[in-house]
Amino acid sequence: MNLWESVRVALDGIMANKLRSFLTTLGIIIGIAAVITVVAIGQGGRAVIMGEFEKIGTNIYMVWVDWRADDPPTGREIQKEDAAIIKRLSPAVSYLAPVNTAIRPVKGSEDQKSARLIGTTADYIHIRNLEIIRGRFLTAQDDNGCRRVAVVDEELARELYGKTDPIGQKLMIRNTPLVVVGLLKSEKSMFSFGTSKPVYIPISTWQYVFHNYYISQLEGKAVSREEVPLAVEQTLKILERRHNTEGRYQSVTLEDEMESANKVTGILTLIISAVAGISLLVGGIGVMNIMLVSVTERVREIGIRMALGARRRDILMQFLVEAVMLCLLGGLVGIVLGVGGAYLVAKLAHWPPLVSWGTVAIAVLFSAVIGIFFGIYPANKAARMNPIEALRRE
Amino acid sequence: MIKTAGLTKIYQTSSVAVHALRGVSIEVKKGEFVSIMGPSGSGKSTLMNLLGCLDKPSGGTYTLDGTDVSNLSEDELAAIRNRKIGFVFQTFNLLPRLTALRNVELPMLYAGVEPEERYTRAKTALERVGLANRLHHYPNQLSGGQNQRVAIARALVNNPAVILADEPTGNLDTLSGEEIMAVFQELNAEGATIVLVTHEREIAEHTQRVLTLRDGLLQRDEQIKDPLNAKEILQQLRNKAGDRE
Ligand SMILES: Nc1ncnc2c1ncn2[C@@H]1O[C@H](COP(=O)(O)OP(=O)(O)OP(=O)(O)O)[C@@H](O)[C@H]1O
Ligand SMILES: [Mg+2]
Chain V
8 MNLWESVRVA LDGIMANKLR SFLTTLGIII GIAAVITVVA IGQGGRAVIM
58 GEFEKIGTNI YMVWVDWRAD DPPTGREIQK EDAAIIKRLS PAVSYLAPVN
108 TAIRPVKGSE DQKSARLIGT TADYIHIRNL EIIRGRFLTA QDDNGCRRVA
158 VVDEELAREL YGKTDPIGQK LMIRNTPLVV VGLLKSEKSM FSFGTSKPVY
208 IPISTWQYVF HNYYISQLEG KAVSREEVPL AVEQTLKILE RRHNTEGRYQ
258 SVTLEDEMES ANKVTGILTL IISAVAGISL LVGGIGVMNI MLVSVTERVR
308 EIGIRMALGA RRRDILMQFL VEAVMLCLLG GLVGIVLGVG GAYLVAKLAH
358 WPPLVSWGTV AIAVLFSAVI GIFFGIYPAN KAARMNPIEA LRRE
Chain S
197 MIKTAGLTKI YQTSSVAVHA LRGVSIEVKK GEFVSIMGPS GSGKSTLMNL
247 LGCLDKPSGG TYTLDGTDVS NLSEDELAAI RNRKIGFVFQ TFNLLPRLTA
297 LRNVELPMLY AGVEPEERYT RAKTALERVG LANRLHHYPN QLSGGQNQRV
347 AIARALVNNP AVILADEPTG NLDTLSGEEI MAVFQELNAE GATIVLVTHE
397 REIAEHTQRV LTLRDGLLQR DEQIKDPLNA KEILQQLRNK AGDRE
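Just so you know, the sequences run in chain order V and S.
Count the first sequence with this note's numbering and you get residues 8 to 401, in order.
Count the second sequence with this note's numbering and you get residues 197 to 441, in order.
With the rest of the complex left out, here is chain V (with noise of 0.2 Å):
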């Protein structure tokens, strides 16, 4: 007997109780729907997230002091002209600014609002994409002339001036007037959200407005993505041999924050695939008890099929062929379920739908492993059976 005769023998017995075979693969509809949900769902996020650093662009680094207690920073060991030094000797480097950071009120002509007020160059737009609407924003005659200048995030300008061009207008910080002369796009990304809003001046105006010499970091761009480990390098080279000091800066990548996001959604898909795959041994389990009630339930079956000539190999395939299709179709509906699941959470979520098709094949093949293995047992108990015996029972 051939295997197409085997399937449609299973198919005839499996047809025969449709509301017990549809019960019984349950278990296994609901492990592999849930795995192929999970799966799809984690590779949409993920793919949102990276989205986002792509955004930001893939190729940024920061450094900043590392403060230590027994040896407190004093304060010096990044300066303003660091920055610019620097990118002059590193080829790696193409851009490379102080960035000093502070929430502060802001004062406009219709409102007072807290801002996140940056301190930094001209290079810092191009670090971070930014995208100017209206105006200009910071250059270096701004920084080298100290002077009075303010660029606005947009919706902050729209608070602070109400109907009125912010352009030309007057911002207060702490008792220093400055001129707003740009205005900013509003970041629309899932980081930002929830902060305030940033208002960007020169460093120099910085430590004009703040009486303060103190640069807390640097933020920088390589010239390309492979590039960034060596613009690292050598920045703190440099930095250290500047200010005679050794092992006092600390430095991130974006790359090592896309990895550790990226350990985080994939250690939580792996978590919720394991409840997914005891699902699917739960399901097995459930198939496999079934198969012994319907071996028990077929014995006289069975003591005819022997007397007919079926070998006890026969047998054997035909209960295991039984369970495979089973495990087989309560996988194809799983698969079914857990794709529509897959679409129905990328449109909610607004994301990618990202099925990942290996996971659908693994769970095609996983399904079929569980037949086999919960099919086993039971197949061949049916097998084992003395033909006369079967034959005599009712």
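The set of hints was computed from the structure by calculation and includes no laboratory data.
Where hints are given, some of them may not hold.
To be verified - Okay, the calculated beta carbon distance ranges per label pair:
#1 E304(V) to D422(S): 44 to 50 Å
#2 K25(V) to T287(S): 54 to 60 Å
#3 K25(V) to A437(S): 30 to 36 Å
#4 I383(V) to I420(S): 25 to 31 Å
#5 Y350(V) to E313(S): 58 to 64 Å
#6 G340(S) to R399(V): 18 to 24 Å
#7 D422(S) to R399(V): 35 to 41 Å
#8 I383(V) to G326(S): 29 to 35 Å
#9 E304(V) to I420(S): 54 to 60 Å
#10 G202(S) to R399(V): 25 to 31 Å
#11 F380(V) to G340(S): 40 to 46 Å
What the hints assert, rightly or not - Only some residues are given here: those of chain S computed to face chain V with a beta carbon under 10 Å:
#12 G248
#13 G262
#14 V265
#15 L268
#16 E270
#17 R277
#18 N278
#19 L291
#20 L297
#21 R298
#22 P303
#23 Y306
#24 G308
#25 N354
#26 A357
#27 A378
To be verified - Calculated from the model, a selection of chain V residues having no Cβ within reach of chain S, i.e. all distances over 10 Å:
#28 K25
#29 M313
#30 L372
Here a beta-carbon is modelled for each residue, glycine too, at the ideal position from N, C-alpha and C.
Starting from the known structure of chain V, fit chain S with the ligands onto it as the hints suggest.
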């Protein structure tokens, strides 16, 4: 065709050993129609199981169609059952979920016959037992006599060396039983070798030879000089029924 020498069968139960057969030597020639009789428990079914290669003897030898089958492997026995033996049981033993046609196809399934050939041969076999218009009926849609004829069609579809029937009329009324005997006599006339177990002397007298078992031993081997003709008896029964109307 069938030749046994000193066939014994001992059933080992937990408490005692039952000597179901104590040395049975019989010979059935090609084309013979033989019946086996004997009281309940005399070993008739045990002998049939051995002749049918469903079981292995405890002692003695058994030659079927020229091959010694006493020491064959299980797979070889399955092949013998498939190709050389056709079983007919008292309780029909059809698979309830399959149509008459697919029940008859079963032995060919295990013989590896191609689907088209299976279909035509099964159809021919059912036509031979007078069920040409019941091909797609399920067992529960057929009468006892019709079910037994499906079983006979199934038994002969692989052209076996011998047809073994254990009380084939046991579950049937006289008329249906007579019809079954008519089918057997017709098959026998066409050359089939048939061995049949029965409790009824009248059924046995349809065959050419009666073997009687008692306590696991062959007690009598008698030739029937003038076997009853099932067709004639059926005709008489039908006439009688016609008279009464
Ligand atoms: N599987 C078995 N285990 C133990 N003893 C058995 C077994 N099968 C049959 N026997 C015994 O063997 C003897 C012969 O049984 P067998 O079934 O061959 O009788 P039989 O002639 O067919 O009887 P009947 O006319 O009632 O069908 C009986 O004593 C029976 O109890
Ligand atoms: Mg019996």
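Each hint tested on the structure:
| no. | hint | verdict |
| --- | --- | --- |
| 1 | E304(V) to D422(S): 44 to 50 Å | holds, 49 Å |
| 2 | K25(V) to T287(S): 54 to 60 Å | violated, 28 Å |
| 3 | K25(V) to A437(S): 30 to 36 Å | violated, 45 Å |
| 4 | I383(V) to I420(S): 25 to 31 Å | violated, 53 Å |
| 5 | Y350(V) to E313(S): 58 to 64 Å | violated, 48 Å |
| 6 | G340(S) to R399(V): 18 to 24 Å | holds, 20 Å |
| 7 | D422(S) to R399(V): 35 to 41 Å | holds, 37 Å |
| 8 | I383(V) to G326(S): 29 to 35 Å | violated, 44 Å |
| 9 | E304(V) to I420(S): 54 to 60 Å | violated, 43 Å |
| 10 | G202(S) to R399(V): 25 to 31 Å | holds, 26 Å |
| 11 | F380(V) to G340(S): 40 to 46 Å | holds, 44 Å |
| 12 | G248 | holds, 7 Å |
| 13 | G262 | violated, 19 Å |
| 14 | V265 | violated, 14 Å |
| 15 | L268 | violated, 12 Å |
| 16 | E270 | holds, 6 Å |
| 17 | R277 | holds, 5 Å |
| 18 | N278 | holds, 2 Å |
| 19 | L291 | holds, 6 Å |
| 20 | L297 | violated, 14 Å |
| 21 | R298 | holds, 9 Å |
| 22 | P303 | holds, 5 Å |
| 23 | Y306 | holds, 4 Å |
| 24 | G308 | holds, 7 Å |
| 25 | N354 | holds, 8 Å |
| 26 | A357 | violated, 13 Å |
| 27 | A378 | violated, 24 Å |
| 28 | K25 | holds, 13 Å |
| 29 | M313 | violated, 7 Å |
| 30 | L372 | holds, 29 Å |
Comparing the model with each numbered hint stated earlier shows that hints 2, 3, 4, 5, 8, 9, 13, 14, 15, 20, 26, 27, 29 do not hold.
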